[in-house]
Each structure stands twice: as structure tokens, then as C-alpha cells.
Amino acid sequence: MGMGGKVVTVTSGKGGVGKTTATANLGAALARMGKSVVVIDADIGLRNLDVVMGLENRIVYDLVDVVEGRCKLRQAMIKHKQFPELYLIPAAQTRDKTAVSPADMIQLTDKLRPELDFILIDSPAGIERGFRNAVAPADEVLIVTNPEVSAVRDADRIIGLLEAENKGPGRLILNRVKMDMVRRGEMMSADDVTDILAISLIGIVPEDENVVPASNSGIPVTLNENSRAGQAFRNIARRLNGEIVPFMQLDEGGGFFQKLVRLFAGGNGQ
Amino acid sequence: MQEQTFVIKGVKDGLLISLSPTEQWLAMTTDLAAHIDQRSAFFAGARIIIDVGNRPVPRHELSSLKALLERRELTLWAVLSESSTTVDSANALDLRTSAGSIVPGRTTVEEATEINPEENGITGVLIRRTLRSGRIVHSSGHVVVYGDVNPGAEIVAIGDVIVWGRLRGKVHAGAEGDEKSVVCALDMIPTQLRIGGYIVTSPADKRHKPRPEVASVRNNQIIVEAWT
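So the sequences go chain by chain: A and B.
The first sequence begins at 1 in this note's numbering and counts up by one.
The second sequence begins at 1001 in this note's numbering and counts up by one.
Chain B extracted, bound-state conformation (with noise of 0.2 angstroms):
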């Protein structure tokens, strides 16, 4: 695959689309007409901010440009960049030359749009299957399955573990000692609960109707609870 001459993230207002601001310019909005036309589903009807960095843009390019996505049925909203030239010719065009937060440069860039998907905390992985007898899963993260926890599969994690289905199997969460972290499960009947430290089995009896429950450390024991 060769080089991306362009970079495009997701923003608050639409998408950004950064451009290099030393590449040839037809050459390189070729290669963005291209990548358009072969994700058509992902940029349909999206409002697109175009970041040129300092490269000045004639107001016949940047309105080329313009048509260009016009025909893709996209909308340039809004034309960053440190070029006096290319603001004229924004202006010209009618075109904003500021979308929000956002302003011309790259490391601004950067910093509006990187998205923490935790903001203080530890990740996590997604299982999106039922864990079978016989899988160990061991996590140095939360693990959330979407689906059972069947008797002999076993969860280990360093954070918490969340059940988006009946867990039957043995489950450690705060597996290095966090007595913080807890369990959740729709239907909790696991044949071992341990977190940090403690320990605990569920009841014998097994005729239950099944309901969400938490299960977290309190007082020095492993307390199961209905989650509201």
C-alpha cells in the first residue's frame, strides 16, 4: 500500500481531513477522490473541514477541490491553514477558515481530536462469544464478555470482569490484589467468585430467577447484590 498523503479523523464538527502540505496538490486530491469513492458509506452526506497546513492554495484549487467533494455529495465546511493565500481564497469561496476548537497545526490537530477511551483507568477487552468449558481468559484489564460464562471456562482479570450474559465458570477479578474491582453478571452463578483476596461459591440451591447482580468487597467479604 503506499503512503497516505492525507489523514482523516473524526471531529466534533465533522471530518477533518489533514492534507500534506508539500505534496503535489492533483495528485493528491486524486488520492482523496479515490479513497472517498470506496468508502462512499462511511463519508456520505459528512461535513468535511480541510487542513492544508501552510501550503498556500489558489482560489481555483481550493474551489476545484470544493466540487470535488460537491459531487461526492459532501460539504466543505471550513478550510484550516497558516497561509494568508489560502484564507483569501477561503474567504473568497465563502468557506469558514475556523471550526471550533479547532485551529490550523498540526499538534492542535492532534489534541482536539485524540479521544481517550478511558480517561483515568485501566483497558479492557471484549469477548464477544460465550466462554465454553475448557477457555481461560486472563486479562491485565477489565473484561466484559457479551455472552455466557459456561461452567469450566474461567476469567482472570487484573480490573473488573461485567457478564453481559449467565456466568456459570470461575471468575477472578482484581486479580493482583485491587479489592475495588467487581463482578457483574444478568444471571450470577458462579462456580467460583473471587476478588483481590476473597472467595466465595454460590449457593446450592440453583432454582433462581435470574436478575442482574454486582458483586463487590465490602466489610471484608464478598457481597453479591442486585444491581439497580
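Same shape as in the complex, but just chain A (with noise of 0.2 angstroms):
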């Protein structure tokens, strides 16, 4: 790694597993926590980072335009409502992948990392030249899945694709897994997903009817203290930083002493 701050990309393969939405409440996890952080989105021609982040009417300029010379860098950050050491690079809206290439993107971080304690990328789904551009200055790449047998296909293909790279394995991301259906083993459980995809988890994010209201408002769900999403976010963001960090209870009533209850009883485990 260079001198300064640590690059991690979000990324998944598939669509719609929640790369965006973590990759704004990482972002917001670690600003709460003191760190300087700038989140960039690079799925260009498909925003929106800004969205979720509740930043889109402050845009003004955009990565394409950091890449192709028309703003200074510093311009192109636009500063968070309540976390002044947070930003966000948006994605031009009106090009396609092709217009950053992957050493653009070494370039940009490489000016970035003097002066910030995380930069975070927000990879598009698929395995081209987007997901290429997002890859190639990584320090680390965090795998976003659902606990899906499709997803979880794309996301091993994608570590395949990482290994490749010299970038690989990463840490995976397991989101919105809803624990009464693993019970019921309607769910792929954690050990399921890591049993097949033979990476380490950096954390494990239960389903919340909270993620997307926050979403739609612009106010990532880690900021919301009450959320059991939002805490699993805050807790990923502690483990990006080095910090040993238990992982939550999501069983909840399922744990070993309630089944040790329920076996006494006689129950039946449900």
C-alpha cells in the first residue's frame, strides 16, 4: 500500500445485493467515527451513491470530469451535511464506463491518499470495464452478497476474477439475511455462503425494514442507532479500521441457550 489512506472497493458481480448501500453507510460508519473519508462512485452512466447519500442536488461536477481535466479534484468532492471529513466523487451521468479507465482511477486515488484516512469505492455490478476501473487501485476489496445461490455464483465468480488480479480473496459482505428463514433452511446461512466461497466475512448485515426508508431520504441507516442493519454496518466499519469486533446476535431467540432451553422442553427447535 502507498503512503496515507486505504482504498477499498465495494463490489458484487451481481446487481441489486446492496453495493451501493453499503458503501454509503461504510462511508458514513467511519466518518462517525473520526475518519476522513471519500466515497467515489464509479458506475458511471447509473448514479446513485449521490442519491442514497442524500448529496444529489449538490452536484456540480463529476468523476469524468476530475479524469478529463475540466475541475480540480478538490472541486469534485462534494462535503456532507453532517460530516464535514466526508465526501462524495458522484459518477458522470451522461457517459458510459469507457470514458475512466482503470489507470485514471490509480491516478485519482493516488492524489486522494495523502490526504484521507479512506477511500471507498462504490464498483457497478458485471465483470467489465466498470468493475475493472473499481478494482484497480484497491487496497482491499470488500464482496457484497445475498444469501442467494444466485449471488453468491457471481460473487464467487468474482473473487475468481480478483484472485486473478493479485487483488483477491477480499472479505465478504453477507446482506439481508433474514434469520427465521435460515432457521427454517428456506435461507442459505453464513456457514452455507463461506462454505462454498472460502473467504473470510467481514460482516454479516440482517435484513431491516429500516435500510430502505433511509435510503429514500438520503440518511444511511448506520446513523440510525435502533437499526440492527445499521449497527452491522457500524461494526464493519470498526473492522475496516483493524478493530476486533465480536459479530452481532442475529439469531434472535434462536441462540445456543434458547435451543438448549427448547431441547429440554422437548420442543422441536422452532
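Keep in mind the hints are simulated off the structure, nothing from the lab.
Please note: incorrect hints may appear among the correct ones.
To be verified - Computed cross-link-like contacts, EDC-like style, restricted to lysine to aspartate or glutamate with a CA-CA straight-line distance of at most 16 angstroms:
{"#": "1", "chain 1": "B", "residue 1": "Lys-1066", "chain 2": "B", "residue 2": "Asp-1031"}
{"#": "2", "chain 1": "A", "residue 1": "Lys-178", "chain 2": "A", "residue 2": "Asp-139"}
{"#": "3", "chain 1": "A", "residue 1": "Lys-6", "chain 2": "A", "residue 2": "Glu-163"}
{"#": "4", "chain 1": "B", "residue 1": "Lys-1209", "chain 2": "A", "residue 2": "Glu-115"}
{"#": "5", "chain 1": "A", "residue 1": "Lys-111", "chain 2": "A", "residue 2": "Glu-68"}
{"#": "6", "chain 1": "B", "residue 1": "Lys-1209", "chain 2": "A", "residue 2": "Asp-192"}
Bear in mind that the values here come from a model prediction, so they are computed numbers and not experimental data.
Dock chain one against chain two, each of which comes alone in its own frame, and use the hints as you go.
As C-alpha cells, then:
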């Protein structure tokens, strides 16, 4: 790693698994810890990190403007409303992924490293140019997946590509886990997923009804103290910062002690 | 890199170093010493057999070579040569002039040291990693995977497929029709398994105890049985 900040890319392969939500929340959670952070939306043509972070109306310049020299880097860094040390570099809406190259991304992040603690990159879905752009400068890659066969399959493909680029294996965020379904055997458990992917987990995020309204209002759910998903993102941010944080007990009412109680009560475990 | 004036091969009795019969002796032995010094871990404690071909090596030269090797904790065990001068020098230094099946002369040496990795069959490829989704391996021989074959990965081999791990992707052994080909895995749950022209899928119930199994064709169908 170079001097200064750490470049962390959030990717998934499959779309819709929660990359952008994870990036926004990790950015906010790190900023809340007092870290200086910039989040970069590398999904050129389909930007939405700005919406989730509530900064859409402040966009003047974007990533492509920086790369093509139409503005200074600082001009494209939008300061967050709540955290003065949290910035967003939005994606261009009108261009496509070929407007930026992996070398551009390395150059850009090298300029940001000395000034910030974390540079988070929100990768687009897929395995093409946009993915390569997002991964090229990464010191660490976080792979977001859901406990579904198709999402895990794509995550596996991504991990293989990361290994080939010497960026692997990365760490896994298992997003939108519904413990009651896991208990009924209707959803893959964290063990089922890591059994296939064979990489380490950095966090398990439970399904949480607070997430969608939070994204819609542009206030990342991690700022909601009562949200379990928000707590999970805060924990991931701390682990990203090198802290050792025990995993949350997601299994409400289904923990070891309760299982014992049920066992002695002659229950069937449901 | 300069051309080597000597050839080193592992043989049953130790390391056989064949020295060029025509190169200048001092330069060549100096090169050899440097070569050994660079790879001291490889040579450590080895028993050395020197083949000088038809070069007549006087006693003092052979003696200095012996000393050169001994300084590097190597034992000069035998000297092979067709030259009577060299044989006399070796006898005078109390060195063997034959080494088991190896007799002087380059062609015989080649024959004695040639190690055929597979006596009669096709060669294989060893993959020392997990094959993840999207990886497709085609081989004109056998395939050995030291790792898992994940769902979405695929192996197509002319010969056998051996997975030292979990086989969960697609696999086709005997892809050119050899129905004697087998597929082995420590845990066999392939998405699809083919041997020659036969094809099976794994049973739907996934909960099972992993155990090593072998798939082969018998009585016109693919049989999967425990490896014993």
C-alpha cells in the first residue's frame, strides 16, 4: 500500500445485492468514527450513490470531469451535510464506463491517499470495464452478496477474477440475511455461503425494514442507532479500521441458550 | 545465460555430473563450484558421480576436483570415464569407476536417468487452487485439482478427473469417448457428471456426509461408489 489512506472497493458481480447501500453506510460509519473518507461512485452512467447519501442536489462536477481535467479534484468532492470529513465524488450520468480507465482510477486515488483515511469505491455490477476500473486501485476488496444461489455464484466468479488480478480474495459482506428463514432451512446460512466461497466474512447484515426508507431519504441507515442493519455496518466499519469486533447475535430467540431450553422442554427447535 | 559445460542429473546412487570432455578443465570446474555454491541447499550432502567421457584426467586434476567437492561437503563417490588415464587416476585416489547400472558414455547415461512420469498413458495437469464459478478447464490429458471445483466451474478432460476437494461444478471425463475414464472426489456433488457419452446429475438431497467417491461407467451407466 502507498502512503496514507486505504483504498477499499465494494463490489459484487450481481446487481441489486446492496453495494451502494453498503458503500454509503460504511462511508458514514467511518466518518462517524472520526475518519476522513471519500466515497467514489464508479458506476458511470447509472449513478445513485449521491441519492443514497442525500447529496444529489449538490452535484456540479463528477468523476469524468476530474479525469478529463475539466475541474480540480477538490471541486468534484461534495462535502456531506453532517460530516465535514466525508466527501462524495459522483459518477457522470451522461457518459459510459469507457470514459474512465483503470490507470485513471489509480492516478486519482493516489492523489487522494495523502489527504484521507479511507477511499471507498462503489463498483458497478458486472465484470467488465467498470468493475476493472473500480478494482484497479484497491488495497482491499469487499464483496457484497445475498444468501441466494445466484448472488453467491456471481460473488464466486468475482473472487476468481480478483485472485487472477492479485487483488483477492477479499472479504465478504453477507447482506439481507433473514434469520427466521435460515432457521427454517429456506435461506442459505452464513456457513453455507462461506463454505462455497471460502473467504473470510467481514460482516453479516440482517434484513431490516429501516434500510429502504433511509436510502430514500438520503440518510444512511447506520446513523439510526436502533437499526440492526445500521449496527452491522458500524461493526464492519470498525473491522475495516482494524478493530476486532465480535459478530452480532442475529439469531433472536434462536441462540445456543434458547436451543438448550427448547431441547429440555422437548420442543422441536422451531 | 552462458552455455553450461556440465549437466547435472539425479540418479539412483546420487547426483551424476557429466562434464564436457572438450572444455578447458579449470574453467569448467570453477563454473561447477560456483553453480554448487549458488544452490547449496539442493546439493547439501549429496553423493557425486562424475562422468568425464573420454577425457584423460591426470591424478592431480582429479584430486583437486575431489577436494573442491569435499570443501562443499559433497562426497566424490565415483568417476566414470572411457579413458584409461582417468580410470588410473580414480583408482589411485581410491574412487569407484562404475556406479550401479550407470556405465560411462553419454547415451547409456541418458537411458539410465530418463524418468518416464507415466509409463504408458497420457499426461495430466495439476491445478493447485479452487476452480471458482466461470472457470473452464480443458485438458487433453488427466486433470487433478488440489482444491474445490465450485458450482459454475467446469472441467473437460480426455482422461480422468481427480478432485482433492469438493466437486460441485460440471465435470466431463473421457471427453473423447474413453468410457474407462473415472472421476474421483473427496466430496462428490457435481452439478453434472459425464463420462464418455454418459451423463448423470447429483441427487437433490444435499445433506450428506462427505466421503471420497469414484464415478465410473459400468453396465452402460455411471456408478458412483465409495472409494475404498
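Hint numbers contradicted by this structure: 2, 3, 4
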